[in-house]
Structures are given as structure tokens and as C-alpha cells.
Amino acid sequence: MDPAIQAHLAAGRHARAFDLIVPEFRDRVFRLSFSILKDRSAAEDATQETLVRVWKALPGFDGRAALGTWIYAITRNTCLMELRKRRPTVSFDDPDSTEAQHAATAIATGPAEDPERDNLLRLLDSLPANQQQAVRLFYLEDRSYDAVAAALGMPLGTVKNLLFRARKRLMELARPAEVQAA
Amino acid sequence: MNQSIHERALSLGPCAEYEFDLFEHSEGSLAPEPAALLQQHLAHCARCRAYAAELAQLDATLAAALPRPELSPGFDARLAARIGELRRTPDRASALVAAEREHQQLLGALGRGIDWRTWLNAAALGSVAGGVLLALDAVAPQLLETLGLVPAGVSPSTTFAVVLGAAALAGGLTFARRLGSGLLLRRG
Chain A
2 MDPAIQAHLA AGRHARAFDL IVPEFRDRVF RLSFSILKDR SAAEDATQET
52 LVRVWKALPG FDGRAALGTW IYAITRNTCL MELRKRRPTV SFDDPDSTEA
102 QHAATAIATG PAEDPERDNL LRLLDSLPAN QQQAVRLFYL EDRSYDAVAA
152 ALGMPLGTVK NLLFRARKRL MELARPAEVQ AA
Chain B
-18 MNQSIHERAL SLGPCAEYEF DLFEHSEGSL APEPAALLQQ HLAHCARCRA
32 YAAELAQLDA TLAAALPRPE LSPGFDARLA ARIGELRRTP DRASALVAAE
82 REHQQLLGAL GRGIDWRTWL NAAALGSVAG GVLLALDAVA PQLLETLGLV
132 PAGVSPSTTF AVVLGAAALA GGLTFARRLG SGLLLRRG
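Going down the list, the sequences are from chains A and B.
Heads up, the first sequence is in the numbering used here, so the first residue is 2 and it goes up one at a time.
Heads up, the second sequence is in the numbering used here, so the first residue is -18 and it goes up one at a time.
What the hints contain is simulated information worked out from the structure, not anything from laboratory work.
All C-beta atoms, glycine included, are put in the ideal place defined by N, C-alpha and C.
Please note: incorrect hints may appear among the correct ones.
[Stated by the list, open to error] From chain A, some residues computed to sit far from chain B (all C-beta separations above 12 Å):
no.	residue
1	Ala5
2	Ala8
3	His9
4	Ala12
5	Gly64
6	Ala67
7	Ala74
8	Ile75
9	Asn78
10	Arg85
11	Lys86
12	Pro129
13	Ala151
14	Pro156
[Stated by the list, open to error] A few chain B residues facing chain A, derived, Cβ under 8 Å:
no.	residue
15	Phe1
16	Ser10
17	Glu35
18	Leu36
19	Leu43
20	Ala44
21	Leu47
22	Pro50
23	Leu52
24	Ser53
25	Phe56
26	Arg59
27	Leu60
28	Arg63
Please put together the full structure from these sequences, using the hints given.
What follows is the structure in C-alpha cells.
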């Protein structure tokens, strides 16, 4: 944690701590939100909501967890609430559930002018939700396993394994039919 | 011919013992020792070379294909407006936090105040009241007995002590009432 943030929190200067937290975590919260919600506008709203919740809850932050861990947990919870609003049957416990996979449907894919790219994004969307999320976040975070593990609140090994399985499956799905049949 | 060999290699997949390392190696996160072993293996394994090439292509495509959105320019202003609104209208949780803080300050102040402030006030009150009674006793010795404020035969100094004690009792009751208010606040 930034020592200045830590000092303000220790002294009970929560408003000043918050003023430093926003530039430190704003973009990371947004990237994590986008990896879950897959929609820029919804991710920005979730980022606002997360930071408002952080502001409200900051006086109760006891420092037992790292500040980043705490903020990412609030972010994930905010996004799951948003997914649940979209479709009430999203499971909080099973990210691989069919409901969770289909809950987030809006995909910011940009202009449809590259068939290979569009096909790959469609294939990515067919993976289990937690694998999709890990892949999106991995590239948003410039291929940093540590950043993905921190944001998802998972051990490093679990993240590596998720990414391994996701990309292996993508390669299998993306292979031309003649290669698969060979 | 070369294409069919490549496709054949891909269809067979990589050697199982190197598969995970190939992924880590593609990102440069494989430790030096296993990376060296993998390089030696790749030199003579067409299947793993084909797989590594396919993996590199997937990595490049994903990096280019996945959107990298950014927050809109007005984000900070909107957040500041929301926080400002919350500051002006604190919600119940904030009110409870403030009330709890006030309660703790009150208890702390009471702990300090009972040592000298309360007793000082009580002594001052008692002194003033006792002084008035002594003055009355000096001016009109029978007046206090006539008014029933002092029993017959009690000396002025005893009266002074009684009044001082009563003032101290009043101070103690005041303290108890304030403490009670604090406890009520905590229960609320």
C-alpha cells in the first residue's frame, strides 16, 4: 500500500486517504469490472459504484486484508450484483455455471471487419465465465499473472492454470477442421 | 508437403510433459532452468515447435483483438459530485459512526472530568452556599433556625460542612446522569 494512504488511514483521515486511493485504483477497478461485465459503460458505472462503496466503508477498513484485496473484493461484488440484476439466476458460488456464462452478453468487440478476430472473440465467449474473465484481464493487465491473481483474489497457481486451460481450449476450437481431422 | 507435416504435428499436440511450460515460455515467465530444457527439447521436436508457433499466433491475435477500453474523461468529476453529495447528506451508517465517536469522546471526557472538574464545581458551589449561610448566621443568628434550614443547636461550621457535602452529592448525581446518557446512546 502507498505509505501516504496508510498514514492517512492510520490517523483516521479517511477523506484524504480516499483522495489518494482514487488515482491509485481507479483504472485497475475499471479493468477488473470490464473483464467481468464485458461492457465499457457498465464497467464505468460499476467503477463509480465501487469507489462510492469504498468511500462509505473506508472508516470501517481495519487493515487486516491488504487495501487492494479489499477494494477488488468490493469490485467483484459490485459486478456480480450488476450481473444478478441482468439475470436473477446468476450463481455467486459457481462461476462456471451456465447462468453465469450467459449472464453477461454485451461484448465490446468494435467494428466487425476482421473475421479471424471476430471468430476468436466468439470462441472466447463460449468458454466458462471464469476462464473468459482471466483471459480478458490477463491481456488488459499487460500479461501480468500477479495483477490478475490480485484482482481475482486467487492464488497465482490457480490463475496460471485457468489461463492454461482457457488458451489450450481456444487453440483447439480455433484449429481448422482439416487439422482437427488429421 | 510442409503444410501437411505442420498440420500433422498440430493434430498430435505437444509432448504432455512440456505442454504447460510452453505456455509459460511464450510469456517469458518460465524459470531459466526449465526454459533451457524446453529450448533443447524444441530443437528436435516438431510437434512442440508447431504448438509453440500456434500458441504465439493465438497470443498475438488475442492481444490485438481484445478491446482495451478507458474511463471517460468526465469520470473523476462525476465521482467527485457523488462523493460531495454523500458528504452533505450522510447516511445512517455514517451517522452511527459519528455517534459512536461522540460517545467515545464523551466517555473519555467524563473519565478526565470527574477527577477535577466535577469536584471543583461541587466545591465552588458548596463554598458559595456555605458562605451565604455563614453570613446569614452572623447577621441573624436565629434566622436559619426559624426558617428550618439548620436544626437547633447546630454550629455554623457544621452547617457549612453539610452544605458542602450536599453540593458534592449534586455533582455526583450530575455525573451519573451524563454517564447514563452515554450508555443510552450506546444501546440506541
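Do the hints match the structure? See the list:
Listed as a non-interface residue, Ala5 of chain A keeps its Cβ farther than 12 Å from every Cβ of chain B; the least gap is roughly 19 Å. The Cβ of Ala8 of chain A lies farther than 12 Å from every Cβ of chain B, with a closest approach of about 20 Å, so its non-interface assignment holds. His9 of chain A, annotated as away from the interface, keeps every beta carbon of chain B farther than 12 Å; the closest lies near 16 Å. Every Cβ of chain B is farther than 12 Å from the Cβ of Ala12 of chain A; the closest lies at roughly 14 Å, confirming the non-interface assignment.
With a closest Cβ-Cβ approach of about 17 Å to chain B, Gly64 of chain A is found to remain outside the 12 Å limit, as its non-interface label requires. No Cβ of chain B approaches the Cβ of Ala67 of chain A within 12 Å, the least distance being about 23 Å, so the stated non-interface status holds. For Ala74 of chain A, the condition that its CB be more than 12 Å from all CB atoms of chain B holds, with the nearest at approximately 18 Å. The beta carbon of Ile75 of chain A is kept farther than 12 Å from every beta carbon of chain B, the shortest such distance being approximately 15 Å.
The claim that Asn78 of chain A lies off the interface holds: its Cβ sits roughly 17 Å from the closest Cβ of chain B, which is beyond the 12 Å cut-off. Here Arg85 of chain A stays apart from chain B, with its beta-carbon at least about 22 Å from theirs, past the 12 Å limit. Every CB of chain B lies more than 12 Å from the CB of Lys86 of chain A, the least distance being 19 Å, so the non-interface label holds. Every CB of chain B is more than 12 Å from the CB of Pro129 of chain A (nearest about 17 Å), matching its label as outside the interface.
Against the 12 Å criterion, Ala151 of chain A stays outside the reach of chain B, whose nearest CB is about 16 Å from its own CB. The Cβ of Pro156 of chain A sits about 15 Å from the closest Cβ of chain B, beyond the 12 Å cut-off, so the non-interface label holds. Annotation: interface hint on Phe1 of chain B holds; nearest CB of chain A at approximately 6 Å, less than 8 Å. The beta carbon of Ser10 of chain B comes within 7 Å of a beta carbon in chain A, closer than 8 Å, and the hint placing it at the interface holds.
The beta carbon of Glu35 of chain B is positioned within 8 Å of a beta carbon in chain A (closest approach about 6 Å), and the interface hint is therefore held. The closest approach between the C-beta of Leu36 of chain B and any C-beta of chain A is roughly 7 Å, which is under the 8 Å cut-off, so the hint is satisfied. Residue-level restraint check for Leu43 of chain B holds (minimum Cβ-Cβ distance to chain A is 6 Å; threshold 8 Å). Interface hint at Ala44 of chain B: satisfied, since its Cβ lies 5 Å from the closest Cβ of chain A, which is below the 8 Å cut-off.
Because the beta carbon of Leu47 of chain B sits about 5 Å from the nearest beta carbon in chain A, less than 8 Å, this interface hint is met. A hinted interface residue such as Pro50 of chain B counts as satisfied when its beta carbon comes closer than 8 Å to some beta carbon of chain A; here the least separation is about 4 Å, so the hint holds. For Leu52 of chain B, the suggested interface contact is upheld, since its CB lies about 5 Å from the closest CB of chain A, less than 8 Å. Taking 8 Å as the C-beta contact cut-off toward chain A, the hint placing Ser53 of chain B at the interface holds, the least distance being around 6 Å.
Nearest Cβ of chain A to the Cβ of Phe56 of chain B: about 7 Å, under the 8 Å cut. The hint holds. With a cut of 8 Å, the hint placing Arg59 of chain B at the interface with chain A holds, because the nearest CB-to-CB distance is about 7 Å. Satisfaction of the interface hint for Leu60 of chain B is found here, the shortest Cβ-Cβ separation to chain A being roughly 6 Å, below the 8 Å cut-off. Contact between Arg63 of chain B and chain A, as hinted, is supported at the beta carbon level, the nearest pair being about 6 Å apart and thus within 8 Å.
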